[in-house]
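In order, the protein sequences belong to chains A and B.
According to the working numbering, the stretch in the first sequence is residues 1 to 346, in order.
According to the working numbering, the stretch in the second sequence is residues 347 to 703, in order.
No lab work stands behind these hints, which were simulated from the structure alone.
It cannot be assumed that every hint is accurate.
Said to hold, decoys possible - In the DMTMM-like style, the derived pairs of lysine to aspartate or glutamate whose C-alpha atoms are separated by at most 25 Å in a straight line are: (1) A/167 <-> B/505; (2) B/688 <-> B/698; (3) A/167 <-> B/467; (4) A/167 <-> B/508; (5) B/503 <-> A/18; (6) B/489 <-> A/160; (7) B/503 <-> A/99; (8) A/167 <-> B/490; (9) B/503 <-> A/212.
Spelled out, the chains give:
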Amino acid sequence: MTSDAEVIGTKSGSRPVERLRRLITRRPESRAVILLAIVSLGAIILEPLVFTAYSATLGRIALIGLVALGLTAVILMGELDLSVASTLAVSGVVMASIDSLPGGILVALIVGVCIGVANAFFVVVVGINSFIATLGMLFFLRGLAFVISDEQPVRIANIDAGIAFGKPLIGDFTPRMLIFLAVFVVMHVFTTRVRVGREFYAVGGNRTAAYDAGIPVRRRIFTGFMISGFVAAGAGAINTLERTAADPTSGSTVLLSSFAAAIIGGILLTGGRGSVLGTLLGAASLGILQVGLTHSAVQVDVQNIVIGAVLFVAVISDPASVRAVFERVRIAVRSRRHQQTPVTSA
Amino acid sequence: MKLEQPRMQRFKLGMILLMVGSLILAACGSDDAESDASDSGDESSSSSEGDDEAMEDDGAMEGEYNVFALLPQGTDQPYGTTYLPPMEAKAAELGISLTITNSQYDADKQASECETAVAAEPDLIILWPAVADTVRPCLEAAKDAGIPVTVTNSDVKAEDADLTAAYSGPDTYGQGVASAELMCELTGGEETGIIMINGLTGNTTAIDREAGFEDTINEQCPNVEILARQPGNWNKDESQIAASEMITAVGAENIQGVYAADDTMVAGAIDALKARDLDPADLVITSIGNTFLGNPLVVSGELDGTVFQSSSWDGEHAITVAHEVLTGGGGERIVEFMPSVKVTADNADSPEVAPEW
Numbered sequence: 001m002t003s004d005a006e007v008i009g010t011k012s013g014s015r016p017v018e019r020l021r022r023l024i025t026r027r028p029e030s031r032a033v034i035l036l037a038i039v040s041l042g043a044i045i046l047e048p049l050v051f052t053a054y055s056a057t058l059g060r061i062a063l064i065g066l067v068a069l070g071l072t073a074v075i076l077m078g079e080l081d082l083s084v085a086s087t088l089a090v091s092g093v094v095m096a097s098i099d100s101l102p103g104g105i106l107v108a109l110i111v112g113v114c115i116g117v118a119n120a121f122f123v124v125v126v127g128i129n130s131f132i133a134t135l136g137m138l139f140f141l142r143g144l145a146f147v148i149s150d151e152q153p154v155r156i157a158n159i160d161a162g163i164a165f166g167k168p169l170i171g172d173f174t175p176r177m178l179i180f181l182a183v184f185v186v187m188h189v190f191t192t193r194v195r196v197g198r199e200f201y202a203v204g205g206n207r208t209a210a211y212d213a214g215i216p217v218r219r220r221i222f223t224g225f226m227i228s229g230f231v232a233a234g235a236g237a238i239n240t241l242e243r244t245a246a247d248p249t250s251g252s253t254v255l256l257s258s259f260a261a262a263i264i265g266g267i268l269l270t271g272g273r274g275s276v277l278g279t280l281l282g283a284a285s286l287g288i289l290q291v292g293l294t295h296s297a298v299q300v301d302v303q304n305i306v307i308g309a310v311l312f313v314a315v316i317s318d319p320a321s322v323r324a325v326f327e328r329v330r331i332a333v334r335s336r337r338h339q340q341t342p343v344t345s346a
Numbered sequence: 347m348k349l350e351q352p353r354m355q356r357f358k359l360g361m362i363l364l365m366v367g368s369l370i371l372a373a374c375g376s377d378d379a380e381s382d383a384s385d386s387g388d389e390s391s392s393s394s395e396g397d398d399e400a401m402e403d404d405g406a407m408e409g410e411y412n413v414f415a416l417l418p419q420g421t422d423q424p425y426g427t428t429y430l431p432p433m434e435a436k437a438a439e440l441g442i443s444l445t446i447t448n449s450q451y452d453a454d455k456q457a458s459e460c461e462t463a464v465a466a467e468p469d470l471i472i473l474w475p476a477v478a479d480t481v482r483p484c485l486e487a488a489k490d491a492g493i494p495v496t497v498t499n500s501d502v503k504a505e506d507a508d509l510t511a512a513y514s515g516p517d518t519y520g521q522g523v524a525s526a527e528l529m530c531e532l533t534g535g536e537e538t539g540i541i542m543i544n545g546l547t548g549n550t551t552a553i554d555r556e557a558g559f560e561d562t563i564n565e566q567c568p569n570v571e572i573l574a575r576q577p578g579n580w581n582k583d584e585s586q587i588a589a590s591e592m593i594t595a596v597g598a599e600n601i602q603g604v605y606a607a608d609d610t611m612v613a614g615a616i617d618a619l620k621a622r623d624l625d626p627a628d629l630v631i632t633s634i635g636n637t638f639l640g641n642p643l644v645v646s647g648e649l650d651g652t653v654f655q656s657s658s659w660d661g662e663h664a665i666t667v668a669h670e671v672l673t674g675g676g677g678e679r680i681v682e683f684m685p686s687v688k689v690t691a692d693n694a695d696s697p698e699v700a701p702e703w
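Next comes chain A alone, as it looks inside the complex:
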């Protein structure tokens, strides 16, 4: 039982705390903001180079975040797209295989959209679970990338253009960073101001209710997968340009990083909750963490432990999860007490 003092204390000091609690509960990206603040603070104290050499940090955030932004469209609807990394690889290889640079980029983006359509077809029309459908696509596309590239990296025809693309365009901002910011703005506006984008939440939150409300759920799922494929293909084209070559093995760390960014950003994998802003914050936290650890000469296995710990924090700091954990602990303690009581009295 709670003492009177505790109750009084709760009442008198409840307003700011309660307001903060409501804010954290209501806004899924609030926790991502807190996480970003803590990670940034840690980086400032331990590795200030993360911020003084901010262009490298922004580059890492853009690398992780771009695919994650596209992925957000799918996750918001409660679906998964495991094929993003393979889409990135295959679109890069397709682009590098075409001599004309603008033509190559255009074809790569079309390939990305087609992959999105194929994924959505399997999920919506055939009725395969998106995890399985996109897992199959992951293997198919990876193999396709190897076949198209003849199992070797493919250099782009205009290497100088690629090197120029990797250099700062406005201030210290490279085209990759500017494209990333543009995609973020477009995605943010799309999911918050455009009806079609807002309906993604309805589809992810309660699909049956979305059907009943007259939302074209199938079309929305098609749109989401097409966005994911398009953005992943764009990332593939950017990577190919910046590296001056397409690598059929590329994207090996992208899949998990982009999912991690989305999860850290507070996006619910079952859909209906989260935001593009959250993904941006998640990518920023992850990017700062990775660059900070790299500057600190931390080996990749320890980096993985740290990133894993941050992921755990992101997941378990969800108020619903915390409440569930405490509830279970309380029940376990109570049941133990009940078991011990007769023994003590005897």
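With chain A held as given, fit chain B onto it using these hints.
This is chain B only, laid out in the frame that chain A set:
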């Protein structure tokens, strides 16, 4: 409702503790010597404590040079695990503060690490390319920043070589050649059908070794015919599966030899042969590595020959060559190849070719 407030406090406390724990873990993750280096005003080092002592004995200045080593592997791979300690020891001895990264063979990640390295303005960058075709922008960025780059383990493309100051490491093409020469000697001109297990598809070392082996076979012993080839991805289990599939596809009776691009994969291929009741001793089998896995196979006669690759030589020479560039660079590109020593049953017990990884 009354319990809401303390519950919230507990939640926040738990969250803060976890975050602090993560950051402490990050800080502890870097080697002990890093903190030593930080104490002396250097924020990035990975030399070990013992190395620091050795360095003090030698009178070398700690952190005289700041060097970034962009590697595609580290303690997550057997080769990297034994590559790093000699590298760090030599760095400590020569007064080099090392910041080591591991891109896990992801070219995009390595490119991002290169951006980070260039931004940190070190005295030199040591590069082990994850994918040689993709490092040109990194080399250009380093050149623009006036940072010399030396290459270790796996060389850059010939057209990019002028952007680098040195290369040290195995002659990956030459290793394929040496393994093929062993195959040619052992087959003695007899018609021999072999299966070929290559490394990770697209990987530079895998491509070079395959080319070196195939070119030599074609030139020196056309009696050896490659019946089938598949990647084993530097992995024993995957190699075993690949070998098993090729035996089925080609027919066991047609196979008289096996070539695998490293000892780990040849061990998988030998297991696949045994699983089909084929005696590996009856076949001509060659490989590359002379590792803890491969050397005993040579001694037992299951593996006919392999080519020694010394991870300690590789790690150590990455630093000596970098130091050479730092102290007197600017001249012609330095190239130091690791000797490709052939290991057969005759010399497998010799201490000179004692396996290291």
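Structure-based check of each hint:
1. A/167 <-> B/505: holds, 21 Å
2. B/688 <-> B/698: holds, 11 Å
3. A/167 <-> B/467: holds, 17 Å
4. A/167 <-> B/508: holds, 21 Å
5. B/503 <-> A/18: Violated, at roughly 61 Å.
6. B/489 <-> A/160: Between residue 489 of chain B and residue 160 of chain A the Cα gap is close to 15 Å, so the pair holds against 25 Å.
7. B/503 <-> A/99: holds, 21 Å
8. A/167 <-> B/490: Holds, at about 11 Å.
9. B/503 <-> A/212: violated, 60 Å
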